[in-house]
Amino acid sequence: MKLSANYFLVAIFLACNISRTVQSQLQTKRDNVAIDSLARDLERVESVREVKDVQRTFAQFAQFGRWADMATLFSSNGTLRWGTASSTGHVAIQTWLRDDANGMDGIQSGSLDTMITENPLITLSADGKSAKGRWNGLRFMGDGKGGTRIQGGIYENEYVQTESGWKISLLHYYALYAGPYVGGWRNVGGGLPVVPYHFTAENAGAAVSEPIGEAPQTNASLGELAQRIERLNDEDEIRNLQHVYGYYVDRRMWTDVVDLFAPNSTVNIRGAGSYLDSSGVRQAMERMGREGLSQGILNDHPIFGATVNVLPGGVEAIARGIEVGMTGDANSKTASWEFSVFRNTFVKQEGLWRFQELNVTPLIKADYFKGWGDGGSFAAQNASVPFLDFSPRRSRQLVKNAKVTINSISELARLLARSSAWDGTENVSSAYGYLLDDLACPLLGAIHASKGNKLSPFTGWYATPERITTACSTQWGTNHSALRSSISFHWRPQPVILVSDDGRSSTLRARLLQPSTSIDKAGSFNGAMYHDQMVLEEGKGWKLWSVTIDEFYWMSKNWAEGWATATVSNSSSSANSTSSLAQKYPPDLTLPEVGDREASFRGGSDRPIEWPEIQRMWFQYRNPVSGRMPEYYWPGCVPCRARPEWALEANGYQEPPTGPPLLNTTGGVSRRQTRLGNKWNTW
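Mapping of the sequence shown onto mature numbering (1 follows the signal peptide of the UniProt record, and there is no 0): residues -24 to -1, 1 to 659, in sequence order.
Quick caveat, the hints were computed from the structure, so don't treat them as lab data. Check the hints yourself; a few may be wrong.
Here are the simulated BS3-like pairs of lysine-lysine, each with C-alpha atoms no more than 30 Å apart in a straight line [to be verified]:
hint : residue 1 : residue 2
1    : 379       : 341
2    : 105       : 560
3    : 533       : 346
4    : 121       : 309
5    : 533       : 121
6    : 533       : 309
7    : 497       : 341
8    : 427       : 560
9    : 379       : 427
10   : 108       : 143
11   : 143       : 105
12   : 346       : 497
13   : 108       : 516
14   : 533       : 341
15   : 121       : 341
16   : 121       : 346
17   : 346       : 379
18   : 379       : 324
19   : 497       : 121
20   : 516       : 427
21   : 309       : 108
Label pairs and their calculated CB-CB ranges [stated by the list, open to error]:
hint : residue 1 : residue 2 : range
22   : 383       : 592       : 21 to 31 Å
23   : 534       : 250       : 35 to 45 Å
24   : 384       : 67        : 47 to 57 Å
25   : 534       : 450       : 22 to 32 Å
Predicted, not measured: the structure shown is a model, and the values here were computed from it. For each residue, glycine too, the CB sits at the ideal point set by N, CA and C.
Modelling step: build the complete structure from the supplied sequences, incorporating the hints.
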């Protein structure tokens, strides 16, 4: 009996050890599968970023006549279709680009070729080896001898992954409007068709399509994956910082601009000099005028096509892009165009990114009424602004033996989801603009969340996709001609995207840059601001949660006179009147019901403030470095104070952070501005 008992004890011991071994092996297998899946998801997000970098670099090369470099961004058998022209292969593409520019190349003295490519809507294929992308395009050209061209249209491009990285396999530019500076642009070829979409309302918010099958086995370590994910997170913060800077410049918010810079920082403006430290940053900014805007002053400097490179080590970075100044003084009836390149450096200190160097190279400044045909005044003949090197793919830009602080697969997946959210948010934001351009009301409604809401200008908010669709159809009709005589475009560039901790919701600020075109009338520009929120809806991808447009901050009278000849409307005019849409199809919430936030906009409760008067500028976020609150601060969804049941947190989503942690009155750290019940608090 004793022997038998010992036998059973040994058997039980061995069984327990075998069980533990099996469980350990199963856990290891589960971990390996999770790591493989994380690696695949990461590579797909990186691919979306690399596709955007390729297209933005194409535009940056054009600004300096780098035709050969532009051609190498195509695959070996890639094709360029520009309007009715077509070229295939590197040599043919290079030749066409050079011949088409015809001296308007950024090389000749006084020449200009600023190609703006914005509002990306990228869709990666299920296998991750190809992608499609839709972009808005606008090109400002001049030869310095009086010749000018303006071109505008839409790109529907295709991309392919090669051994040397992502390449353009098809660049297809649909020409929609064109013309010289004097006289302005008009429709190309009469009535304009809808440029076919590569996306649907169902997948518009999905930059990354659902993968097929099991993830392949990865050779990357968890530490390597952590580095690459951190790089994406850093890239998001730097792009936000660059775009926030631009919005502060627009309003001459110099105190906030200074806050964005590290100690011992530098501003270098080619042709003007260098400015050191905080006092120098302010001095450089004040070259544009004293702090704040007064009646009639326009200081818009939209930022386009920013590419970002986070250097190995993760504490330094570079951003390069294009800035177009649209400035003026309606009091003196003066206005200017300014075309510049920026190549800025950033440093990460105490967990926050800051500007280290702001480097601006002005190319041309031109009087609005004369245009840039004669070269205007230019400070940078034969300027050289180094390009960012994206030849090594992100997955290969690692620091060996780097210290990694995050070893949790689930935590890395959460951080990756936050960067994927950046791209999903930008996608559905761009989709909104494209569908509104075409008055595609059913599709416009369908890209909203099931409980989403949208402001119809000067009227109020409509909730649910069905109500949004009906409001759009009521206002614009349903029986549209296949060829349109005119279009008002809804560009949404320079996004600042704040993502929730769990990566399921986001807040977006973007400018509305609104070029228009028609058959018989020169186009013009208007400017406004979007304050939106998006959500990742279960099984449906990224959708619009709340859309609010503050318009307009400035308007062009027409192309010939631009934004410089506006006059103040009669101050004794009555308060806002009810829109015709509100009478035909009443909104769920009117502008007056939101109160002071909307009071001075058209459709609000007070007399509308319109250009050249200076409208209040609202912000959803605090200064991303100092935490300074703006004068007009409205975090979260704009209509949600009047309709708390519309708020993200009332529907199972997180409210995204609005800035860095703040010290509260007891010396503790408050995490973020958020909604609690029917009140807004910082905690």
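Tested hints:
1. Only pairs whose Cα atoms come within 30 Å are accepted, and residue 379 paired with residue 341 is rejected, the gap being roughly 47 Å.
2. Of the pairs offered as hints, the one joining residue 105 and residue 560 is violated, with about 49 Å between alpha carbons and a cut-off of 30 Å exceeded.
3. A distance of roughly 17 Å separates the Cα atoms of residue 533 and residue 346; the hinted pair therefore holds under the 30 Å criterion.
4. Distance hint between residue 121 and residue 309 is fulfilled; the C-alpha atoms sit about 26 Å from each other, no more than 30 Å.
5. Taken as a hint, the residue 533 and residue 121 pair is honoured in the structure, with Cα atoms around 28 Å apart against an allowance of 30 Å.
6. In summary, the hint linking residue 533 to residue 309 is supported, as the alpha carbons are separated by about 12 Å, within the 30 Å threshold.
7. A hinted pair counts as satisfied when its Cα atoms are at most 30 Å apart, and residue 497 with residue 341 qualifies at roughly 26 Å.
8. For the given pair, residue 427 sits about 23 Å from residue 560 by alpha-carbon distance, which is consistent with the 30 Å threshold.
9. For the suggested pair residue 379 and residue 427, the alpha carbons sit about 44 Å apart, so the restraint of at most 30 Å is broken.
10. Annotation: proposed proximity of residue 108 to residue 143 holds, straight-line Cα distance about 11 Å (limit 30 Å).
11. Between the alpha carbons of residue 143 and residue 105 the distance comes to roughly 11 Å, so the proposed pair stays at or under 30 Å and holds.
12. Note on residue 346 and residue 497: the hinted pairing holds, with a Cα-Cα distance of about 19 Å set against a maximum of 30 Å.
13. As the CA atoms of residue 108 and residue 516 are separated by approximately 20 Å, the hinted pair is consistent with the 30 Å bound.
14. Straight-line distance between C-alpha atoms of residue 533 and residue 341 comes to about 21 Å, which keeps the hinted pair within the 30 Å bound.
15. For the hint linking residue 121 to residue 341, the alpha-carbon distance of about 15 Å falls within 30 Å, and the restraint holds.
16. Between residue 121 and residue 346 the alpha-carbon distance is near 13 Å, which keeps this suggested pair within the 30 Å criterion.
17. For the hint linking residue 346 to residue 379, the alpha-carbon distance of about 57 Å lies beyond 30 Å, and the restraint is violated.
18. Of the pairs offered as hints, the one joining residue 379 and residue 324 holds, with about 16 Å between alpha carbons and a cut-off of 30 Å not exceeded.
19. Note on residue 497 and residue 121: the hinted pairing holds, with a Cα-Cα distance of about 26 Å set against a maximum of 30 Å.
20. Between residue 516 and residue 427 the alpha-carbon distance is near 13 Å, which keeps this suggested pair within the 30 Å criterion.
21. In summary, the hint linking residue 309 to residue 108 is not supported, as the alpha carbons are separated by about 44 Å, beyond the 30 Å threshold.
22. The hint said 21 to 31 Å for the Cβ distance between residue 383 and residue 592, and at roughly 47 Å that hint is violated.
23. Roughly 40 Å separates the CB atoms of residue 534 and residue 250, a value that falls within the hinted 35 to 45 Å.
24. Range check, residue 384 to residue 67: about 51 Å between beta-carbon atoms, so the 47 to 57 Å window is met.
25. At about 29 Å, the beta-carbon gap between residue 534 and residue 450 stays in the expected band of 22 to 32 Å.
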